[in-house]
Amino acid sequence: MKRTQKLVLLIGLLISSQVFYAQQISLNNDSQEIAIRKDNSLIEQQRLEKEQRDLKNSNKKIEQQQKQLKEEQKKVEKRKSSIEKAQNNVEKTKKDIAKKQDQNQKLKNEINTRAVSEEKLQKNEIKLKEQEIDILKLQTKLTQQQKDLDKLLQSK
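Mapping of the sequence shown onto mature numbering (1 follows the signal peptide of the UniProt record, and there is no 0): residues -21 to -1, 1 to 135, in sequence order.
Simulated from the structure, these hints should not be mistaken for lab results. Keep in mind the model is a prediction, meaning the values are calculated, not measured. Some clues are possibly wrong.
[Unchecked claim] Computed spacing ranges between beta-carbons, pair by pair:
| hint | residue 1 | residue 2 | range |
| --- | --- | --- | --- |
| 1 | Q43 | K78 | 37 to 43 Å |
| 2 | T92 | N67 | 35 to 41 Å |
| 3 | K54 | D81 | 36 to 42 Å |
| 4 | R58 | K78 | 28 to 34 Å |
| 5 | N67 | N88 | 27 to 33 Å |
| 6 | E70 | K108 | 23 to 29 Å |
| 7 | D81 | E56 | 19 to 25 Å |
| 8 | E50 | D18 | 47 to 53 Å |
| 9 | Q24 | L132 | 28 to 34 Å |
| 10 | K57 | N88 | 55 to 61 Å |
| 11 | T122 | K78 | 14 to 20 Å |
| 12 | M(-21) | Q11 | 20 to 26 Å |
| 13 | T(-18) | D9 | 52 to 58 Å |
[As the list claims (entries may be wrong)] DSS-like, lysine-lysine: derived pairs with alpha carbons at most 27 Å apart:
| hint | residue 1 | residue 2 |
| --- | --- | --- |
| 14 | K102 | K64 |
| 15 | K126 | K116 |
| 16 | K130 | K54 |
| 17 | K108 | K54 |
| 18 | K39 | K74 |
| 19 | K87 | K49 |
| 20 | K35 | K46 |
| 21 | K106 | K85 |
| 22 | K29 | K49 |
| 23 | K78 | K120 |
| 24 | K108 | K120 |
| 25 | K35 | K57 |
| 26 | K49 | K116 |
| 27 | K59 | K46 |
| 28 | K17 | K73 |
| 29 | K74 | K40 |
| 30 | K130 | K73 |
Beta carbons are placed, not taken as given, at the ideal position from N, Cα and C, and that holds for glycine.
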């Protein structure tokens, strides 16, 4: 009976130790799985943080490019308006010259007809010379405006 008791005790110890080892292995497996999951979640978190940084950098670059494009667009619009203004000035000066030349031609015709008094004739001649001077001034102005327009067209 002593032997049976020892045998039962030995079998009981053996079974309980097997259960203990099985529980230990199970706990080890669970803790390993938890550690693996934790590592995986850390890796995933780091990957997401890196993607977020990359997106922020991309957004900054895009915003800088947009800002630069807006500045360039403003420059282009300013240049365009300057060119249009210069062209309008040239056209206005050409019209002024044509108007003065027409007036000048009328005065010449009036002087050549000699149907007016000597005093009126002298006044018309003085007026004719003044208009010729005005025409020359306008032509000088036109030349300068055309040079300015050419500079605008050639510049960036």
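Hints, one by one, checked against the model:
At roughly 53 Å, the beta-carbon separation of Q43 and K78 lies outside the given 37 to 43 Å, and the hint is violated. At roughly 38 Å, the beta carbons of T92 and N67 sit within the given window of 35 to 41 Å. For K54 and D81, the hinted distance range of 36 to 42 Å is satisfied, since their beta carbons lie about 41 Å from each other. The hinted range of 28 to 34 Å is satisfied by R58 and K78, whose Cβ atoms lie roughly 31 Å apart.
With their beta carbons about 32 Å apart, N67 and N88 fall inside the hinted range of 27 to 33 Å. A C-beta distance of roughly 27 Å is found between E70 and K108, which places it inside the suggested range of 23 to 29 Å. For D81 paired with E56, a C-beta distance near 37 Å fails the hint of 19 to 25 Å. The hinted window of 47 to 53 Å between E50 and D18 holds, with their beta carbons roughly 48 Å apart.
As the Cβ distance of Q24 to L132 is approximately 59 Å, the hint placing it in 28 to 34 Å is violated. At about 47 Å, the CB distance of K57 to N88 disagrees with the hint of 55 to 61 Å. Checking the proposed 14 to 20 Å range against T122 and K78 shows it holds: the Cβ atoms sit about 18 Å from each other. At roughly 46 Å, the beta carbons of M(-21) and Q11 sit outside the given window of 20 to 26 Å.
For the pair T(-18) and D9, the beta carbons lie near 38 Å from each other, so the given range of 52 to 58 Å is not met. Distance restraint check for K102 and K64: the Cα-Cα separation of roughly 37 Å exceeds the 27 Å cut-off, and the hinted pair is therefore not satisfied. For the suggested pair K126 and K116, the alpha carbons sit about 15 Å apart, so the restraint of at most 27 Å is met. In summary, the hint linking K130 to K54 is supported, as the alpha carbons are separated by about 16 Å, within the 27 Å threshold.
Restraint check for K108 and K54: not satisfied, since their Cα atoms lie roughly 45 Å apart, outside the 27 Å limit. Only pairs whose Cα atoms come within 27 Å are accepted, and K39 paired with K74 is rejected, the gap being roughly 52 Å. The straight-line distance between the Cα atoms of K87 and K49 is roughly 56 Å, outside the 27 Å bound, and the hint therefore fails. At roughly 16 Å between alpha-carbon atoms, K35 and K46 fall within 27 Å of each other, so this suggested pair holds.
Using a Cα cut-off of 27 Å, the hinted pair K106 and K85 holds, with the two alpha carbons roughly 11 Å apart. Restraint check: the Cα-Cα separation between K29 and K49 comes to about 30 Å, which exceeds 27 Å; the hinted pair is violated. Using a Cα cut-off of 27 Å, the hinted pair K78 and K120 holds, with the two alpha carbons roughly 15 Å apart. Distance check on the hinted pair: K108 and K120 sit about 18 Å apart at the alpha-carbon level, within 27 Å; holds.
Between K35 and K57, the direct Cα distance comes to roughly 33 Å. Violation of the 27 Å bound is thereby established for this hinted pair. Proximity of K49 to K116 is assessed by CA-CA distance (about 41 Å); at most 27 Å being required, the pair is judged violated. Of the pairs offered as hints, the one joining K59 and K46 holds, with about 20 Å between alpha carbons and a cut-off of 27 Å not exceeded. Annotation: proposed proximity of K17 to K73 is violated, straight-line Cα distance about 83 Å (limit 27 Å).
Distance restraint check for K74 and K40: the Cα-Cα separation of roughly 51 Å exceeds the 27 Å cut-off, and the hinted pair is therefore not satisfied. Straight-line distance between C-alpha atoms of K130 and K73 comes to about 19 Å, which keeps the hinted pair within the 27 Å bound.
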